[in-house]
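Q: Take a look at the letters that make up each chain.
Protein chains: 2
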Amino acid sequence: MEIIVAEHSGLCYGVRRALTTARRTRRAKPGQVASLGDLIHNPRVVADLAAEGIGSVETPDEARSGTVIIRSHGVAPDVFRRLRRRKIDIVDATCPIVQNIQHLVEALARRGRQVVIVGHRDHPETRGLLGYSRGRGVVVEDAAQARELPSRKARAVVAQSTYDLEAFEAAVGALVGKTRELTVHNTICDSTRTRQRAAAELAGRVDTMFIVGGKRSSNTARLYEISERVQPRTFFIENAGEITPDMLRGARTIGISGGASTPPEAIREAVEAIEQSFERNPTRE
Amino acid sequence: MEIIVAEHSGLCYGVRRALTTARRTRRAKPGQVASLGDLIHNPRVVADLAAEGIGSVETPDEARSGTVIIRSHGVAPDVFRRLRRRKIDIVDATCPIVQNIQHLVEALARRGRQVVIVGHRDHPETRGLLGYSRGRGVVVEDAAQARELPSRKARAVVAQSTYDLEAFEAAVGALVGKTRELTVHNTICDSTRTRQRAAAELAGRVDTMFIVGGKRSSNTARLYEISERVQPRTFFIENAGEITPDMLRGARTIGISGGASTPPEAIREAVEAIEQSFERNPTRE
Numbered sequence: 001m002e003i004i005v006a007e008h009s010g011l012c013y014g015v016r017r018a019l020t021t022a023r024r025t026r027r028a029k030p031g032q033v034a035s036l037g038d039l040i041h042n043p044r045v046v047a048d049l050a051a052e053g054i055g056s057v058e059t060p061d062e063a064r065s066g067t068v069i070i071r072s073h074g075v076a077p078d079v080f081r082r083l084r085r086r087k088i089d090i091v092d093a094t095c096p097i098v099q100n101i102q103h104l105v106e107a108l109a110r111r112g113r114q115v116v117i118v119g120h121r122d123h124p125e126t127r128g129l130l131g132y133s134r135g136r137g138v139v140v141e142d143a144a145q146a147r148e149l150p151s152r153k154a155r156a157v158v159a160q161s162t163y164d165l166e167a168f169e170a171a172v173g174a175l176v177g178k179t180r181e182l183t184v185h186n187t188i189c190d191s192t193r194t195r196q197r198a199a200a201e202l203a204g205r206v207d208t209m210f211i212v213g214g215k216r217s218s219n220t221a222r223l224y225e226i227s228e229r230v231q232p233r234t235f236f237i238e239n240a241g242e243i244t245p246d247m248l249r250g251a252r253t254i255g256i257s258g259g260a261s262t263p264p265e266a267i268r269e270a271v272e273a274i275e276q277s278f279e280r281n282p283t284r285e
Numbered sequence: 001m002e003i004i005v006a007e008h009s010g011l012c013y014g015v016r017r018a019l020t021t022a023r024r025t026r027r028a029k030p031g032q033v034a035s036l037g038d039l040i041h042n043p044r045v046v047a048d049l050a051a052e053g054i055g056s057v058e059t060p061d062e063a064r065s066g067t068v069i070i071r072s073h074g075v076a077p078d079v080f081r082r083l084r085r086r087k088i089d090i091v092d093a094t095c096p097i098v099q100n101i102q103h104l105v106e107a108l109a110r111r112g113r114q115v116v117i118v119g120h121r122d123h124p125e126t127r128g129l130l131g132y133s134r135g136r137g138v139v140v141e142d143a144a145q146a147r148e149l150p151s152r153k154a155r156a157v158v159a160q161s162t163y164d165l166e167a168f169e170a171a172v173g174a175l176v177g178k179t180r181e182l183t184v185h186n187t188i189c190d191s192t193r194t195r196q197r198a199a200a201e202l203a204g205r206v207d208t209m210f211i212v213g214g215k216r217s218s219n220t221a222r223l224y225e226i227s228e229r230v231q232p233r234t235f236f237i238e239n240a241g242e243i244t245p246d247m248l249r250g251a252r253t254i255g256i257s258g259g260a261s262t263p264p265e266a267i268r269e270a271v272e273a274i275e276q277s278f279e280r281n282p283t284r285e
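Protein chains in written order, with this note's numbering: chain A, 1 to 285; chain B, 1 to 285.
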């Protein structure tokens, strides 16, 4: 039995940076320190943070005092305004890559362009990007939704930074027939692309694949879809405790990958759980 | 038995204009009048033109005197230069829609952009467009070829005016993963789009479909592919003489469409041939 952890799996730069920022803020600031929404789509890390005194609030109005950390996904400009109005101290941990997309959306909208954002409608990054579009933005999740847009002389299209390239390509393809001049900004971040490519590659050479990460993490869900396309025997688990002997039946080569919000411990624990399961029951035919 | 001729089938504006221009030129000019390459991808019309004294030459150097007509597909700037050097009188019947694409390719290339042209590599329009790209053009015929291009920060993409929208969409989709900022100019002309849509729609409600046109006509071949995707019982014929009783066996509703270079007579004759075949043998079960 062999266990292979995908290259480029686990925490991305933006999420690592947000975690560091949050902990540094906790040390530096008195009073309440909370992120706006869970800092990271991973219940276990969220619990660790809460134990360290970094809580979370659901809405800007819930923050009564102290410091609010804007997580890596970023937020719409209106959220900053609402926090400032309430004299809340803001620490902005928006991923710099997402910030670039926000500025791009704003610049395109200022030039009068309709901006199509290909992303999950309810994902905080997408909602944030939409907030920068000055009312000229429209979100589509896939080619079918793109096909429903009316014809236009010109429009621009960007992607949620952690979206699946294949879905973005298909949505862009659908926009081509609807747009005379379409400017496509492929804003899927390198870290996402590299992670997705590595997971697909690994899924192709193992007989069982585990994707480890929070069920609410959009990019982890995409990673699961990508892996499952290549290797139908792919399991999406939130933590090592979910691994059952059934999942490992007949497995000889096992691949593991994790999303941008999956901490290294979670992957390490999955590896250990698989090893222990095999030690208990070496022949799983 | 019912025969339905597709709306928007047959000669497009650009080809009709080139034919009118050629005949007007023949009346106005003494000496040799020849098109550079067949004026239209239809052997029958080419023969008619020859009988009227409008011949064709294969290369600029073949033109020794008189007038050369540039056909609707257009040519590279270099061809104009070579003809001028030989003091040949030039009548330019390039389709105005193609001329717009030529100017677009030139403008994009002048701004330093790589220009991907999605079209048939050997099609005269595509070769002409490539000539306007100042060495920055590259032709791809489909998504597979687009996928082989190296990654780039920015590039632009245009289509041969008579290309299939679905193939263009797929090629653009493939470029998305290779390009940070991709400007997509959907230069497929309205006439092509309307014709393709009408043929697909008709193919969906008949049991037998005939696509009439020259075998060398790129847009007619595309029309055949589009129809055949919807109605596998599609026949590509150059003229009415090719219609056999076998093709009509069991047919109850028959559709007919023709490409941008298919003269109305060719479609009329196909209708007549089918009618006569049914009169000779009314029950074709």
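It is possible that some hints are incorrect.
EDC-like cross-link-like pairs, simulated, lysine to aspartate or glutamate; straight-line CA separation at most 16 Å [said to hold, decoys possible]:
1. A:K153 with B:D207
2. A:K178 with A:D142
3. A:K178 with B:E166
4. A:K178 with B:D190
5. B:K178 with A:E166
6. A:K87 with A:D61
7. B:K153 with A:D190
8. A:K29 with A:D122
9. B:K178 with A:D61
Keep in mind that the hints were calculated from the coordinates and are not lab data.
All values reported here derive from a predicted model rather than from experimental measurement.
Q: A separate judgement is required for each hint: does it hold in the structure or not?
A: Hints, verified against the model:
1. Of the supplied pair hints, the one linking A:K153 and B:D207 is violated, its CA atoms being roughly 37 Å apart against a limit of 16 Å.
2. Between the alpha carbons of A:K178 and A:D142 the distance comes to roughly 15 Å, so the proposed pair stays at or under 16 Å and holds.
3. Pair hint A:K178 plus B:E166 holds up; C-alpha atoms about 12 Å apart against a cutoff of 16 Å.
4. For a cut-off of 16 Å, the pair hint linking A:K178 to B:D190 stands: about 12 Å separates their Cα positions.
5. Between B:K178 and A:E166, the direct Cα distance comes to roughly 12 Å. Compliance with the 16 Å bound is thereby established for this hinted pair.
6. For the proposed pair A:K87 and A:D61, the alpha carbon gap of about 11 Å is at most 16 Å, so the pair holds.
7. With a CA separation close to 13 Å, the supplied pair B:K153 and A:D190 stays within the 16 Å bound.
8. For the hint linking A:K29 to A:D122, the alpha-carbon distance of about 31 Å lies beyond 16 Å, and the restraint is violated.
9. Using a Cα cut-off of 16 Å, the hinted pair B:K178 and A:D61 is violated, with the two alpha carbons roughly 43 Å apart.
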